[in-house]
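Enquirer: If you're matching them up, the sequences are chains C and V in order. Numbering follows our numbering, in which position 31 of the first sequence is assigned residue number 31; successive positions increment by one, without gaps. Numbering follows our numbering, in which position 237 of the second sequence is assigned residue number 237; successive positions increment by one, without gaps.
Hints are computed from structural coordinates only; laboratory data are not their basis. Any given hint could be a false lead.
[Said to hold, decoys possible] So the derived list for chain C, only partly shown, Cβ under 7 Å to chain V, looks like this:
#1 G56
#2 A61
#3 L91
[Stated by the list, open to error] Covered stretches of chain C, as calculated for chain V (at least 3 residues, CB under 8 Å):
#4 20-30
#5 33-45
#6 105-116
[What the hints assert, rightly or not] Computed footprint of chain C on chain V; a stretch qualifies when at least three of its residues, placed anywhere within it, have a C-beta under 8 Å from a C-beta of chain C:
#7 58-71
#8 167-177
#9 216-222
#10 407-415
Every residue, glycine too, gets a C-beta built ideally from N, C-alpha and C.
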Amino acid sequence: MSTHTTQRTGDAVIGLALAALGVWGTWVAKGTGLGTAAEPGAGMFPMAVCVLLTIGGLGCAWRAWRQTSGTEGKRWIDGTALFALVQIVMLAVLFVPLGMPLAGFMFVCGMTRTLGDVSWRRAATIGFVSVLAFWLLFDVLLSVQLPYGWWVSA
Amino acid sequence: MSSLGHLLDGFVTALSLKNLFLCFVGCLWGTAVGVLPGLGPMAGMALLLPLTFSLDPTGGIIMLAGIFYGAMYGGSTTSILLGIPGEAASIVTCIDGHKMAKKGRAGAALTIAAVGSFVGGSVSIVGLMLFAPNLAELMLTVGPGAEAVLMATALLVVAAVSNGPPVKTFTMIVLGLAIGTVGLDGQTAAQRFMFGHLELADGLSFVALAIGLFGLSELMNSLGEGINERPITPTLRELVPTRREAAEAVGPTLRGSGIGFVFGAIPGVSHIVSTFVSYAVEKKLSKHPEQFGEGAVAGLAGPETANNATTGSSLIPLLVLGIPAIPSTAILLSALQNHGVQPGPLLLVEHPEIFWGLIASMYIGNLILVFLNLPMVGLFVRLLRAPMYILAPLVVLVCAIGVYSVRAEPLDLAVMVVAGAVGYLLRRFGYDVAPLLLAVVLGDRMETGLRTALNISAGDYMIFFKGPASQTFIALFVIIVLVRIVTGLLRIGRSGK
Chain C
1 MSTHTTQRTG DAVIGLALAA LGVWGTWVAK GTGLGTAAEP GAGMFPMAVC
51 VLLTIGGLGC AWRAWRQTSG TEGKRWIDGT ALFALVQIVM LAVLFVPLGM
101 PLAGFMFVCG MTRTLGDVSW RRAATIGFVS VLAFWLLFDV LLSVQLPYGW
151 WVSA
Chain V
1 MSSLGHLLDG FVTALSLKNL FLCFVGCLWG TAVGVLPGLG PMAGMALLLP
51 LTFSLDPTGG IIMLAGIFYG AMYGGSTTSI LLGIPGEAAS IVTCIDGHKM
101 AKKGRAGAAL TIAAVGSFVG GSVSIVGLML FAPNLAELML TVGPGAEAVL
151 MATALLVVAA VSNGPPVKTF TMIVLGLAIG TVGLDGQTAA QRFMFGHLEL
201 ADGLSFVALA IGLFGLSELM NSLGEGINER PITPTLRELV PTRREAAEAV
251 GPTLRGSGIG FVFGAIPGVS HIVSTFVSYA VEKKLSKHPE QFGEGAVAGL
301 AGPETANNAT TGSSLIPLLV LGIPAIPSTA ILLSALQNHG VQPGPLLLVE
351 HPEIFWGLIA SMYIGNLILV FLNLPMVGLF VRLLRAPMYI LAPLVVLVCA
401 IGVYSVRAEP LDLAVMVVAG AVGYLLRRFG YDVAPLLLAV VLGDRMETGL
451 RTALNISAGD YMIFFKGPAS QTFIALFVII VLVRIVTGLL RIGRSGK
């Protein structure tokens, strides 16, 4: 998919995606059991909202289709935000297996280095100091449970 | 016991060393997130929400409320010194506040904003104290049918005042309701949208959703925009306004208190609405409307007061009806629910220490904030100078720690990231994600009320129309729909000419 779009196309794509989600949700909720009016089943409410989601999504797409403005170029995601998202995904994936200290250090170090264009040495110092501060604050002071990774457990 | 007696008890609770400390931490953190552009009260509260789970409910709510109103104070600092709203409600403060700063009156502008915030905040706390107990008594008569109608009406009000096209807001609300159904069904224990993942039995983590939708997506947005301006730094001596400036601020401050309180008590009305209304009123009443936009004292004092008066009264729908009328109060609701406390009319009967402790702490918090925002303003100016490349990764790491610490569930981290990415995309294309989060919170009560009412009436839908409470809510529902239709038609008519 191209990284560029327009407000109109973006609206239409998001609307259709939400409508598709609604159709899928309706189908899944139906299988949970609808019950009767006197004894509504577990699927009744989810199915009703998913039907409404389908209608809402189609409404958004229809609105975009009729729109005459919003044809100027627009990015799905800004370059810096995309870059940050990739690193956040990596942090989320590595947070438990590697543990907060190591995953956190790698994340802060990597993001500081690339966002701020600072030297690796400075980035590593910022990463080390911040992880140490967080460990002291959350683990030692507030007794918050943090993951320490398989390598510490082993 | 009289309200005064309860309030004194509240002060005993709020003045305990631990609660005083939590109030201070909340105010400090709130001011910091308010000062930092891109992080608002919602993100600030979501970040510290997991920490409240290890506290008692009163301490937790005192800290979160401190963040909520602290962010409102902090937002004005950035608006005045940098010309960028620290949080959305400070947009109006930028107009005249920053102009005053550019004219060398930054210190005076900060003092007028802080005093106005203090007055507005104090008036709204008094109002909350006077109105909430009476309203709560009235709400005790509401049955399950009326409760379902009330939830639907609350969502409709949120939709009516939300930013963006109605069809997008409607879609966000139903998406939120759908997300809220994930997990085990409360009545039949049937699995809904779980696909065998038992870690989803309690539903998607609200903390992960809130942090993702507000914290991460706001941060990604800020990274894209960037901030290059340098803040104006006032000296301590410059903090004192001239006699003329002080006199000009009195009237707008008093009017702003009233406007903010009334608008805050209406479910769904955000701070932004009250600040714009206050600005419009002051401009209309001014003998020199041409000065608005050029550094008018009234244009700063009125909206800034209204902003903080809204904060106190916006707690009324939450504490009395159990409805989080704005996203920030949804976080307060979540914190209380995690402690097994359900806000609503019974809160004053079952947990008076929470209600009155919160009110007393708000009096104290307002005083702390005046201290934090005037003599210590230099500290926050320094925070504004901290580069984004250092702040951003630290905020994300706090988000991850916060989400994980709730129940040590790796899946919640995935929920946070997905919610952040989806929230970013939705905001980018003009969807307001606040109604989505409110619907996640309200959906469960709406469904429970709906199903219980249908069980009681053996499937007779007329139960939703019976009783004065239901009829009042339905009348309100119909009025809102009609107002939306009429204003929509008028707009089409005007654009057609």
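Enquirer: Which of the listed hints are not met by the structure?
Expert: 2, 7
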